[in-house]
Amino acid sequence: MSASQFGFLEAEFATEFAMALKVEEYALTDPAAAVIYARKALESGVKWVYQFDRSLPQPYEDKLNTYLNEPAFKALANGRVFDVAKKIQRAGNRAVHESKPPSKLEAVEVASALFQFCFWLAHTYGRHTKPDPSIRFDPLKLQAKLAAENSSLAQRKELEAQVETEANQYIPFP
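Heads up: the sequence shown begins at 467 in the working numbering, then just goes up one per residue.
Among the clues, some could well be false.
[What the hints assert, rightly or not] Label pairs and their calculated CB-CB ranges:
no.	residue 1	residue 2	range
1	Asp-598	Asn-544	17 to 25 Å
2	Ala-477	Pro-567	19 to 27 Å
3	Arg-546	Asp-598	35 to 43 Å
[Said to hold, decoys possible] Once the Cα atoms are required to be at most 25 Å apart in a straight line, the calculated SDA-like pairs of lysine to any residue come out as:
no.	residue 1	residue 2
4	Lys-570	Asp-549
5	Lys-553	Asp-528
6	Lys-540	Gln-582
7	Lys-552	His-563
8	Lys-529	Ser-470
9	Lys-552	His-594
10	Lys-488	Leu-522
11	Lys-607	His-563
Simulated from the structure, these hints should not be mistaken for laboratory data. Remember, it's a predicted structure, so these values are computed and weren't measured experimentally. Ideal placement from N, C-alpha and C gives every residue a C-beta, glycine not left out.
Please work from the sequences and hints to get the whole structure.
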């Protein structure tokens, strides 16, 4: 199982998991990319639901907005799925179409909304594995992940500098 907060997706929803990893990776370093990846993960997940849940009528148009606004989809989980999906969709659209990039806070909020959507997806449609009902999105884990990446980068740069120094201290041949 992955160290990702979205690890519960990995076994049965690999496409959505891969994009959710990008959301975690970029939320604090490139909020616009994180929000766009969240929207892509949402769209992939919603299309998966429509493909496999026969109780949802196929909308007249193959667009995320049309899928989300289908009354049967809007009613899922008393509208909570729709609410988090719309939050992700709107933020993703703004990230693409507006000149002002999303803030880190917005990226973290969208990552949280994506977590909620993905939890519902895996809990509702997972056939072999279900997420632990007690798990919650923890924004502090994004910071810990960033700190670990920065630490690894610093260690790598230190190692590179050491190797370069040693390479310059060659033993001259007589």
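How the hints compare with the structure:
Between Asp-598 and Asn-544 the Cβ separation comes to about 22 Å, which falls inside the hinted range of 17 to 25 Å. In this structure the hint that Ala-477 and Pro-567 lie 19 to 27 Å apart at CB is violated, the actual value being about 34 Å. Evaluation of the 35 to 43 Å hint for Arg-546 and Asp-598 yields a failure: the beta carbon distance comes to about 19 Å. At most 25 Å may separate the alpha-carbon atoms for a hinted pair to count; Lys-570 and Asp-549 meet this at roughly 21 Å.
Between the alpha carbons of Lys-553 and Asp-528 the distance comes to roughly 20 Å, so the proposed pair stays at or under 25 Å and holds. For the suggested pair Lys-540 and Gln-582, the alpha carbons sit about 15 Å apart, so the restraint of at most 25 Å is met. Restraint check for Lys-552 and His-563: satisfied, since their Cα atoms lie roughly 16 Å apart, inside the 25 Å limit. For a cut-off of 25 Å, the pair hint linking Lys-529 to Ser-470 is broken: about 29 Å separates their Cα positions.
Note on Lys-552 and His-594: the hinted pairing is violated, with a Cα-Cα distance of about 28 Å set against a maximum of 25 Å. Pair hint Lys-488 plus Leu-522 does not hold up; C-alpha atoms about 29 Å apart against a cutoff of 25 Å. For a cut-off of 25 Å, the pair hint linking Lys-607 to His-563 is broken: about 29 Å separates their Cα positions.
Hints 2, 3, 8, 9, 10, 11 from the list above are not met by this structure, while the remaining hints are.
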